[in-house]
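Here is what each chain is made of, one letter per residue.
2 protein chains.
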Amino acid sequence: MSQKVLFRQLFEKESSTYTYILGCKRTKKAIIIDPVDLTVERDAKLLKELGLTLVKALNTHVHADHITGTHLLRAHFEGLQTGLGSANTAKSDEKFDDNFKIEVGDINLEVRHTPGHTNGCVTYVDHDGGAAFTGDALLIRGCGRTDFQEGCSKTLFKSVHDRIFSLPEDFKIYPAHDYKGQTSSSVHEEKQFNPRLTKSETEFVDIMENLGLAYPKMIDKALPWNLNCGVEPE
Amino acid sequence: MSQKVLFRQLFEKESSTYTYILGCKRTKKAIIIDPVDLTVERDAKLLKELGLTLVKALNTHVHADHITGTHLLRAHFEGLQTGLGSANTAKSDEKFDDNFKIEVGDINLEVRHTPGHTNGCVTYVDHDGGAAFTGDALLIRGCGRTDFQEGCSKTLFKSVHDRIFSLPEDFKIYPAHDYKGQTSSSVHEEKQFNPRLTKSETEFVDIMENLGLAYPKMIDKALPWNLNCGVEPE
Ligand SMILES: [Fe+2]
Ligand SMILES: [Fe+2]
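If you read the sequences in order, they're chains Z and L.
Residue numbering for the first sequence follows full-length UniProt numbering, starting at 1 and increasing by one per position.
Residue numbering for the second sequence follows full-length UniProt numbering, starting at 1 and increasing by one per position.
Keep in mind that the hints were calculated from the coordinates and are not lab data.
Glycine included, every Cβ here is placed at the ideal spot set by N, Cα and C.
Hints should not be assumed to be uniformly reliable.
[What the hints assert, rightly or not] Capping the alpha-carbon separation at 27 angstroms, the derived lysine-lysine pairs in DSS-like fashion look like this:
1) L:Lys-25 to Z:Lys-191
2) L:Lys-4 to Z:Lys-4
3) Z:Lys-4 to L:Lys-25
4) L:Lys-25 to Z:Lys-48
5) L:Lys-13 to L:Lys-199
6) Z:Lys-191 to L:Lys-45
7) L:Lys-4 to Z:Lys-25
8) Z:Lys-191 to L:Lys-48
9) L:Lys-25 to Z:Lys-13
10) L:Lys-28 to Z:Lys-48
11) Z:Lys-172 to L:Lys-221
12) Z:Lys-4 to L:Lys-172
13) Z:Lys-172 to L:Lys-199
[As the list claims (entries may be wrong)] Just so you have them, the derived chain Z footprint on chain L, three or more residues with Cβ under 8 angstroms:
14) 7-14
15) 198-210
16) 214-226
Go ahead and model the full structure; you've got the sequences and the hints to work with.
See the structure below:
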C-alpha cells in the first residue's frame, strides 16, 4: 500500500466477509469498502482511534450474504456518502460509472465495472498502492457464483480477464470473502493458479453451471435491505 | 513489509490463529511463523505455488490451543529446521537466545524474549519491514492469559513495555491470534488503546488475576504434542 495511505483489512466471520479501510494520512479522511452491519461498532471505533473521519462507504456490489453496514455507519460519521457501481438499481448517494476516479485526500481509486457475479459488480483499483478490491468477481483461487442477481458466467470471465488480469502482475488482490483463511493474493498468482479462471471460457462456463450450490441463506433478507442502503424496507 | 520480502498472513479458524509466511524474493527461501497442523496442506501448497522453499518453521511459543504444524511441514520441505525461544524445554532443532539474529536470504528477524504469557515466549522483529510478530505476548487491544505454562502478569507487563512498546511507533503488530476479525495493529495504537497494557503495572496485574477464564479446551492434548515438535508423544 502507498506510504500516504493507512490500510487495514478486517474480517466478519458470520459471512466470511473482508472489510477494508483506507485512510489518507495527510487529510485524515477515510474510505471503507464492504462494511458489514454486524461489525460496524468495531469499525467505527477503530476509525476514531486512528483519528480518521469516514467520508465514503463503498460497496463492490449489492451483497446477498450479509447486510451492508453503510447505513449504520452514518450514525457515527455525519455527511458520509455511500457509493456503488452505476449498473445497480439500489439506493446509494453516489453511483460510479465505469472508469470513474474516486479521490479522497491522497487516496485514489479507479472504479472498474466487473459484472458477472452480479450485473452491478465493480472492482476498486488503487493504482498508487498496487491493489485491487475485487469484491466477488475474483476471489483467492476462486470467484463468486453466477446463478442469481443477473449473474452470468460468460460476462464474469470477460470481466476478470479484461479488467483485473490486465493489471500489473504484482498488484495485490483483496477480495470480499475468503473461506479458507487466506487474506490476499496477487494478479500473478490468480493468473497462474486460479482453478476456474485459468480455464478456457467454455470450460469456465461449464464449471460455473455445475457448481450445484445451495440457495443462499441470507439472500431473501439481505437483498431488499441492501437495495435500500442497509435499511429495512418499508 | 520490505520490498525484498514476500509476505502473507493466513488464518486458522478453529483456534483463531494467524500464521505468517515471509519469503525472500531473491533466494526463494522462506520462513513460516506459528503454523497450525490443520492448515499445513493449505500452507505447503501456497508456498510451492509461490515458488518458495520453506527452510525454517518457527513458533513464538509452545501453544496450548492448537498443535503446531512444524512436524507435518517437514514432509513437504526436506531439511526444514524448527525454531523456538531458548527458554523452552520443548523439542526443537534450534533454540534462540535473546537478541539472536535469524537470517534467511534477505529476511532478517531479531528474536526478543518476551516471557509472561508463557516463560518461553518470543517476539520475532522484522526491523527492515517494520513489523513485530508478537505471538500471545501482545494481541490487538489485548494480551495472552498468564495463568498457566509458568505465565506471570508482572513479567508480561515488563516484556511488552521494554521489548515491544520500545520499537518505533509505526511498526506493525502481527499477533498469533485475533478473535474479532482484526488482522494487524501498530506499536502506536497499542500504546494508546490497549485496554490492559495502557494501565499501571498494579492495575494490569489485577486485571489479569481476575479474568476468570475457563480451562483451555485443547491444552491437555496440545502441550505434550507441542513439547514434542507437533508429534504425538510416545
Ligand atoms: Fe456477493
Ligand atoms: Fe498461547
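Verification of the supplied hints:
| no. | hint | in the structure |
| --- | --- | --- |
| 1 | L:Lys-25 to Z:Lys-191 | holds (19 angstroms) |
| 2 | L:Lys-4 to Z:Lys-4 | holds (20 angstroms) |
| 3 | Z:Lys-4 to L:Lys-25 | holds (25 angstroms) |
| 4 | L:Lys-25 to Z:Lys-48 | violated (37 angstroms) |
| 5 | L:Lys-13 to L:Lys-199 | violated (30 angstroms) |
| 6 | Z:Lys-191 to L:Lys-45 | holds (16 angstroms) |
| 7 | L:Lys-4 to Z:Lys-25 | holds (25 angstroms) |
| 8 | Z:Lys-191 to L:Lys-48 | holds (16 angstroms) |
| 9 | L:Lys-25 to Z:Lys-13 | violated (32 angstroms) |
| 10 | L:Lys-28 to Z:Lys-48 | violated (40 angstroms) |
| 11 | Z:Lys-172 to L:Lys-221 | violated (38 angstroms) |
| 12 | Z:Lys-4 to L:Lys-172 | holds (16 angstroms) |
| 13 | Z:Lys-172 to L:Lys-199 | violated (38 angstroms) |
| 14 | 7-14 | holds (count 6) |
| 15 | 198-210 | violated (count 0) |
| 16 | 214-226 | violated (count 0) |
This entry does not satisfy hints 4, 5, 9, 10, 11, 13, 15, 16, going by the numbered hints stated previously.
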